[in-house]
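Listed in order, the protein sequences are those of chains W and F. According to the numbering used here, the first sequence is numbered sequentially starting from 1. According to the numbering used here, the second sequence is numbered sequentially starting from 1.
Incorrect hints may have been included.
[Stated by the list, open to error] Straight-line Cα separation of at most 25 angstroms, SDA-like style, residue types lysine to any residue; simulated pairs:
id : chain 1 : residue 1 : chain 2 : residue 2
1  : F       : LYS8      : W       : ARG161
2  : F       : LYS8      : W       : VAL192
3  : F       : LYS8      : W       : TYR242
4  : F       : LYS8      : W       : VAL156
5  : F       : LYS228    : F       : HIS239
6  : F       : LYS8      : W       : ALA116
7  : F       : LYS8      : W       : GLY73
[As the list claims (entries may be wrong)] Estimated spans, in silico, between C-beta atoms of each pair:
id : chain 1 : residue 1 : chain 2 : residue 2 : range
8  : W       : VAL118    : F       : PRO314    : 22 to 28 angstroms
9  : W       : VAL118    : F       : ARG242    : 32 to 38 angstroms
10 : F       : GLU92     : W       : LEU41     : 52 to 58 angstroms
11 : W       : VAL34     : F       : LYS228    : 52 to 58 angstroms
12 : F       : THR184    : W       : VAL118    : 26 to 32 angstroms
Calculated directly from the structure, the hints in this document are not laboratory data. Glycine included, each C-beta is placed from N, C-alpha and C at the ideal position.
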Amino acid sequence: MAGVAAATLPYVRGPRRRFPLGSVGAIGLMLLAVLVGAAVLAPWITPYDPEQTSGAPFERPSPRHLLGTNDIGQDIFSELIYGARISLMIGSLAALVAISIGTAVGIVAGYFGGWADVVLMRLVDIVLVVPFLPLMILLAAYLGPSFWTIITVIGVLVWARPARILRAQVLSLRSVEYIEAARAVGASAARVLLRHVLPGVLSLSLAQFIQAASNAILIEASLSFLGLGDPTAKSWGSILYYAQVRSAFLTGAWLWWVLPPGILITLATLGFAFTGFALEVSLNPRLRR
Amino acid sequence: MARFLAGKGVQYALVLLFAVTLNFMLPRLMPGSPLVFLAGEDTAFMPQAQRQQLLQAFGLDRPVWAQYLIYLGNLARGELGFSFQQGRPIAEIIAARLPWTLLLVGLSLLLGTLVGVAWGTLSAWRRGSVFDLSSLGLFMFFESTPSFWLGMIFIALFAAGLRWFPIFGAQTAGAALAGWALVTNRAWHLVLPLATLTLITIPGFFLIMRYSMLTVLGEQYIATAKAKGVGETAVMYRHAMRNALLPVATVFMLNLGVIVSGATVVETVFSYPGLGRLLFEAVLARDYPVIQAGFFVITVTVIAANMLADLLYPLIDPRVRRGA
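In isolation and in its complexed conformation, chain F is listed as follows (with noise of 0.2 angstroms):
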């Protein structure tokens, strides 16, 4: 087990690595200098002292190898650039703005997974029946279905029309409220951005658990169980469902990233201030700090999420624990 979470270790520090030289490098492969892209447009009209004074303060007239490992260093300490655009150490914005992400991805990974699991189970169980095609039919729909559009759907149906939902945002801006109230706002804010999140990330799940149901339903050790006469339910429950988790668990992994690019393009239909929308504002005031701090932030989240459920694998998968 240790050989397999060393080799998982090399491949993040890998993707870190790639991410990290990409930023460094996108600025300065453009044509013209990499004030524009670290400074803003402005600088292109600065009179020169000026000018020159910034290029130190950004290192620029350091050789590149230099420029690389101050690069680097301030990475590892954190500092993540100054957004011209905002006036703001980046850091700062993105604090703010990340654990919204954090809660709107956990939640509809979490319900997505829960949901998903559960429906491949009960649709592989009764393979072939108009309870299954339909699911299959509904779920395929959903996996083609542009997120953000359903999104908007969902707005113009339950927010704008119904009014049952609020049109955008995480919260009642300027509502002082606090305790169970703020909690009670919070969730109603979360709703429909929920919702649209989830409903995209159920059919992956639901497609890998019913494929894997159905593999472990033709093994021999369920005709096994059910020739020594255990009921049904412990059957689907206790020897299939807990065989077919395992690429479900694989699918999990490579589903984050997926996932983390869906929630980019819910938060901005819903104006929910998170990283995505972070992102998707930066693109528009061409803050290309932010857009690059952004995409580092949301890389190494999934990379955390990765090894999180590297950690948790061999609890599941007892073969990998042995290191057979």
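This is chain W alone, in the form it adopts within the complex (with noise of 0.2 angstroms):
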């Protein structure tokens, strides 16, 4: 029957092109290569210090200020360099405290079932309706706008989606045998969840780790943008912030003020996003399409 489908339906007809895996990693690790690089060697290869006053407000770019100038005339290709290690710092701590949390809540749910289960997931279905952004907004106002303010609201709201992907791996894991064995012959529930729940999720746990930190640096941006990030240090999203007030997208210094934040915001986002899809794809052949 499935190979009368395969003759016949339209969409197998013509060269069969398989999606190539292989090559949506190896560009999410490249962009990353390259983000992170440029992130961890900033001291040697920016031409100014980013809070330095380095030439007149709004220059135009040249081959003194490769994307020129902002509004108090710090060089804005500095500003970018160091704003990859605030960015993407920010966007992984935030992805660890998400998937930790989101890692625990799995295990507990899926393992000890219950009560414990009801109840987390009645949580997570709640952190799921929420409306993310003003929450992160109303906290952020109260918390007073910081590094580890945007890191501890970030993560309190995104680990609720991997939690459940977490639970339902940990639910497949209960059941297989040397699990059942390691029960049977009377081990501890603390000894099974270590040595063979937890190796067991730790793959998907990462998978999850690099969609969460793909999540986390697009709503840093927003937050940042909105005037709540660290104000002493400039992330990517703060540059466009301070870039929307005083109206550049206006004038013509759009083009080298906010058009390269933006287009970086999408790399990292990119970047984290297809290396965690192809990691997902690889450890569950099924998701192959």
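Work from the hints to combine the two standalone chains into their complex.
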């Protein structure tokens, strides 16, 4: 029957191009390598200190200032490279918080079941319904804009979706033979969790971490754009905040002040998304389409 | 089906309770007097007698549980507090802003769903083709793009640059327009913000519809239909698409919070006078009561939309109707 379907369905007609999975992951990793590399090497590759006024305000791009200067006269190119540090760091740390919570919740709910499962999954449902940006704005306004506020606020909301996915994984692991055997032999719950369940979800956790980082970078950009980012550490979103406040998009300056930060945010988000996607599919061949 | 709706009802009630309790707790958990968060930072410098008056007016001298009950009662009556920064009742401010957000979000949701579903279907039908792969690339790009940045680019290109559209606002300020002229003017102001928000709404629906269609197309009943001699278009629409739509409906509900969040930044970029922009202004002015009321109203709106979608879901999935 399946053979008939394959022979007659129109989407199989013509050369069947399998989705090149390897190149998706490769593109993702390449993007990440470039961006993380730039962030790490920042002190050596930036021409100027982004905090210093190194030129006249609103200078156009020139050999001296590759992307011109902002409204205070700081070099935008240098700002972008140092911004990579902030954006990537906040994104990764927030994702770390989110995945730590998500993995813990997923394991507890999936392994122990019962009322713990019910309560935790109800919590997941609640977190997923609440409109996340207005909630983050509320929390960030009260906690005050700072590096750790942003990380906490993002982490505390992004854990929900991975928790659900990890719980499903734990549920399928629970009935696997070696776990049943371990329990039959009388291994304590802690031992089973640590030695059998945790390694089983680790690789999926990693894939989820990378996806979460992708989300976190985008969310951090939005929060910084709204003025809730760390005032002392300019991320890409913060650069766009200042660009908006100074109405850069109404002048020609948008080409070198507004366009580059947005492109970088998109590339970082894509880099993480592609890598995470490739990793998740390689772990679960059924998803290969 | 009654069980399904009752379960959802409990979930939404819990979300509401969470939002309300959070709003109540936040000013009281902060170090110092909650008065600063409820009535403005000037209260820190007020003479003692005046502070005492305010404390009593806000009921802050009562025990916490009494305050909570008063707070719940107020909310139920639609009493959302007073904005000390704007000098107006907050309910009034929000009533003026809410329609604009509903307009923007509603239209982009509609457009985004229609375009996403149609495009996703086509893409799945032509899986592996140049059309499919480039569509995938295009929408993965838009899904990773910050919406506010897209808005700024649109303004720079089409508003400030080509001058095809206005730069900000929902309608031309000060112009005394009425009837059809007013509608056209508002529509003209709506184009760019709507385009921005729709462009980031489409990818989610596109991807889900495409994936769903691919799953459905591999099912036995499709092969049966083809074997029966049903025409290609009929197979695509009558058999494949209708069944593929089911996961889309679920995603639709999950996406609501995301789109409303997107609207928040889009409104800010375009100075569109909606609830999202109100939140931004309130943050700048440290007008905490407005931030809290805004968050509350937005949450209520998302819940209402979710409930509406839940009521309509059994119409497309007969299995839920029969309680199977």
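Hints and how they fare:
no.: 1; hint: LYS8/F <-> ARG161/W; result: holds, 18 angstroms
no.: 2; hint: LYS8/F <-> VAL192/W; result: violated, 35 angstroms
no.: 3; hint: LYS8/F <-> TYR242/W; result: violated, 43 angstroms
no.: 4; hint: LYS8/F <-> VAL156/W; result: holds, 23 angstroms
no.: 5; hint: LYS228/F <-> HIS239/F; result: holds, 13 angstroms
no.: 6; hint: LYS8/F <-> ALA116/W; result: holds, 19 angstroms
no.: 7; hint: LYS8/F <-> GLY73/W; result: violated, 55 angstroms
no.: 8; hint: VAL118/W <-> PRO314/F: 22 to 28 angstroms; result: holds, 24 angstroms
no.: 9; hint: VAL118/W <-> ARG242/F: 32 to 38 angstroms; result: holds, 34 angstroms
no.: 10; hint: GLU92/F <-> LEU41/W: 52 to 58 angstroms; result: holds, 54 angstroms
no.: 11; hint: VAL34/W <-> LYS228/F: 52 to 58 angstroms; result: holds, 53 angstroms
no.: 12; hint: THR184/F <-> VAL118/W: 26 to 32 angstroms; result: violated, 53 angstroms
In this structure, the hints that do not hold are numbers 2, 3, 7 and 12, in rising order.
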